[in-house]
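Here's the letter readout for the chains.
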Amino acid sequence: MNNAAAPTVPILQAENLSKSFSGQRILKGVSVGLGRGEIKILIGPSGGGKSTLLQCLNCLVLPDEGSISLSGQVIDLHDKKNLYQLRQQVGMIFQDFNLFDHLNALDNITIALRKVRKISRSQAQERAMLELEQVGLGNKAELYPAQLSGGQKQRVAIARALAMDPQVLLLDEPTSALDPELIGEVIAVIRTLAGKGMTMLMATHQISLISNLADEILFMEAGVIVEQGEPAQLLCPGCGSKSVGFCERLSEIADGDGTC
Amino acid sequence: MQAQLNAVLDAFPYLLFGAINTGLIVIAAMFIGLFIGVLAAVGLVYGPRWLKWALTAYLWFFRGVPILALLFLFYFGLFPHLNIQIPALAAVAAVLGLTTGAYQANIFRGAIMSLPQGQFRAASALGMSEAAAIRSIILPQALRISIPAWSNEYSIILKDSALAFVIGAPEIMARAQFVASRTYQHLPLYLAAGLLYFFLTWAGVTALRKLEHKVRIPGYTEEEKS
Numbered sequence: 001m002n003n004a005a006a007p008t009v010p011i012l013q014a015e016n017l018s019k020s021f022s023g024q025r026i027l028k029g030v031s032v033g034l035g036r037g038e039i040k041i042l043i044g045p046s047g048g049g050k051s052t053l054l055q056c057l058n059c060l061v062l063p064d065e066g067s068i069s070l071s072g073q074v075i076d077l078h079d080k081k082n083l084y085q086l087r088q089q090v091g092m093i094f095q096d097f098n099l100f101d102h103l104n105a106l107d108n109i110t111i112a113l114r115k116v117r118k119i120s121r122s123q124a125q126e127r128a129m130l131e132l133e134q135v136g137l138g139n140k141a142e143l144y145p146a147q148l149s150g151g152q153k154q155r156v157a158i159a160r161a162l163a164m165d166p167q168v169l170l171l172d173e174p175t176s177a178l179d180p181e182l183i184g185e186v187i188a189v190i191r192t193l194a195g196k197g198m199t200m201l202m203a204t205h206q207i208s209l210i211s212n213l214a215d216e217i218l219f220m221e222a223g224v225i226v227e228q229g230e231p232a233q234l235l236c237p238g239c240g241s242k243s244v245g246f247c248e249r250l251s252e253i254a255d256g257d258g259t260c
Numbered sequence: 001m002q003a004q005l006n007a008v009l010d011a012f013p014y015l016l017f018g019a020i021n022t023g024l025i026v027i028a029a030m031f032i033g034l035f036i037g038v039l040a041a042v043g044l045v046y047g048p049r050w051l052k053w054a055l056t057a058y059l060w061f062f063r064g065v066p067i068l069a070l071l072f073l074f075y076f077g078l079f080p081h082l083n084i085q086i087p088a089l090a091a092v093a094a095v096l097g098l099t100t101g102a103y104q105a106n107i108f109r110g111a112i113m114s115l116p117q118g119q120f121r122a123a124s125a126l127g128m129s130e131a132a133a134i135r136s137i138i139l140p141q142a143l144r145i146s147i148p149a150w151s152n153e154y155s156i157i158l159k160d161s162a163l164a165f166v167i168g169a170p171e172i173m174a175r176a177q178f179v180a181s182r183t184y185q186h187l188p189l190y191l192a193a194g195l196l197y198f199f200l201t202w203a204g205v206t207a208l209r210k211l212e213h214k215v216r217i218p219g220y221t222e223e224e225k226s
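If you're matching them up, the sequences are chains E and S in order. Here the first sequence is numbered in this note's numbering, starting from 1 and rising by one per residue. Here the second sequence is numbered in this note's numbering, starting from 1 and rising by one per residue.
Any given hint could be a false lead.
Just a sample of chain E residues kept apart from chain S, beta carbon distances all over 10 Å, derived [unchecked claim]: (1) GLY47; (2) GLN123; (3) PRO231.
Calculated pairs, SDA-like style, for lysine to any residue (alpha carbon to alpha carbon, straight line, at most 25 Å) [said to hold, decoys possible]: (4) LYS242/E / GLY29/E; (5) LYS80/E / GLN119/S; (6) LYS140/E / PRO218/S; (7) LYS118/E / LEU139/S; (8) LYS81/E / ALA131/S; (9) LYS80/E / GLU130/S; (10) LYS80/E / ARG121/S; (11) LYS28/E / HIS205/E; (12) LYS210/S / ASP101/E; (13) LYS140/E / GLY118/S; (14) LYS80/E / PRO10/E; (15) LYS210/S / GLU142/E; (16) LYS140/E / VAL215/S; (17) LYS242/E / GLY33/E.
It is worth saying that the hints were derived from the structure and are not from the lab. All C-beta atoms in this analysis are idealised placements derived from N, C-alpha and C, irrespective of residue type, glycine included.
Extracted from the complex, chain E is given alone in its bound form (with noise of 0.2 Å):
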């Protein structure tokens, strides 16, 4: 078993991740691994455990039983330290952006760069720039969170994340709080990392991201993956799939924008 990250070996691997809240049983179980570049799609109903799922694989949630191995290491849960080394490496985007809103565009990126890698602020600024131009947002280094729009906050969050260059990027549904017309742009910079060849695993209801972007889809329901394969299979009209049918509903509602 060779520990350098040999090409066979998962970036990020969980086994048997289980969670309770209050006695209810919210994941059972459930095993993913994300090999490099790889993009995985998380999708299912609400309540079926993708947010748990997501926020354990980085431990902002500690699983109660499982284990979670970064680039073959396995992490000791209850040591803080290989928590804070862990969620450096893997990045979270939130549903509802999370942007500090004390701190403007830019230091909202230079925090974390001088506060855990303990960068220059020259340095952190100089960084947080170039990540705010590869999202588009120069030119809107000074405003505050509450000065921009929900694309806006978004692109800023993902910017932030990737200026600890993660190596992997969880997505907790980072289109659902946006207004329609604002999804776009936010879907064109996750395809840009896909295209660079970020390792991401995406909970989303986005049909158009779902069949174009995903290496495989994860239908999650009551705690349990129970479909997982490459969106050919799982998505080919009439095959009587869980997946196929969640997203024909997905099409209808987003009003034919794609078919699966």
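Based on the hints, put chain S in the right spot on chain E.
Only chain S this time, still in chain E's reference frame:
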């Protein structure tokens, strides 16, 4: 009328030094309270259970016992018992500081709890330690929100500081009372004392309003029409 005016004018430098002492007591108490209050609030929100218990006991004690009783308890009771010899001014600052610390802890605790949970989560997700998240993300926001309540606390503590005269601290009230009882000019002297308190309240509250405006987060709260 002339006699009354003269009484105040004669006593004015003396009263003014009293006002400086009052100012020192209140500034010291407010900063002791800020220090205690921030730490206690963080402990109450994020601390382990035993710490929450201890802090809750502290809050109950200082919010439940009158300041006059606390002054006597500390100045005539506890300090001599522990062989601590400190001037009355310092004793008053300490007692008022501990008292306002308890109230400020609750102010900051409420402010921390009012922040969206996502703020802390996003900081954690970037690899920040709890301490770093509290320092760099939570407190800067919570303290901003707390300024109006802190300004209230300032004006309350300022007026509570008048109780210091019972243990002989040379502040406004003690000095006004001292002069009034000698000159029998009660009305003008207590009026002057009242005006000095009023001025100190006004100056402090105005300064805090300026601060509130200065650290306002753009776009976050509505700009007040003046």
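Here is what the structure says about each hint:
1. Residue-level check passed: GLY47/E sits 19 Å from the nearest beta carbon of chain S, beyond 10 Å.
2. Listed as outside the interface, GLN123/E is consistent with that label: its C-beta sits roughly 17 Å from the nearest C-beta of chain S, beyond the 10 Å cut-off.
3. Its beta-carbon lying about 28 Å from the closest one in chain S, PRO231/E satisfies the requirement of being farther than 10 Å from that chain.
4. Between the alpha carbons of LYS242/E and GLY29/E the distance comes to roughly 20 Å, so the proposed pair stays at or under 25 Å and holds.
5. This hinted pair checks out: LYS80/E and GLN119/S have alpha carbons roughly 19 Å apart, not beyond 25 Å.
6. Of the pairs offered as hints, the one joining LYS140/E and PRO218/S holds, with about 13 Å between alpha carbons and a cut-off of 25 Å not exceeded.
7. Our distance criterion of 25 Å between C-alpha atoms is met by LYS118/E and LEU139/S, whose separation comes to about 20 Å.
8. The hinted pair formed by LYS81/E and ALA131/S meets the criterion: a straight-line CA distance of about 12 Å does not exceed 25 Å.
9. For a cut-off of 25 Å, the pair hint linking LYS80/E to GLU130/S stands: about 10 Å separates their Cα positions.
10. Proximity of LYS80/E to ARG121/S is assessed by CA-CA distance (about 15 Å); at most 25 Å being required, the pair is judged to hold.
11. A C-alpha spacing of about 22 Å is found between LYS28/E and HIS205/E, which places the hinted pair at or below 25 Å, so the restraint holds.
12. Annotation: proposed proximity of LYS210/S to ASP101/E holds, straight-line Cα distance about 21 Å (limit 25 Å).
13. Under the criterion of a C-alpha separation no larger than 25 Å, the hint pairing LYS140/E with GLY118/S is consistent with the structure, at around 22 Å.
14. Restraint check: the Cα-Cα separation between LYS80/E and PRO10/E comes to about 23 Å, which is no more than 25 Å; the hinted pair holds.
15. Distance check on the hinted pair: LYS210/S and GLU142/E sit about 23 Å apart at the alpha-carbon level, within 25 Å; holds.
16. For a cut-off of 25 Å, the pair hint linking LYS140/E to VAL215/S stands: about 20 Å separates their Cα positions.
17. Using a Cα cut-off of 25 Å, the hinted pair LYS242/E and GLY33/E holds, with the two alpha carbons roughly 21 Å apart.
The structure shown violates none of the earlier numbered hints.
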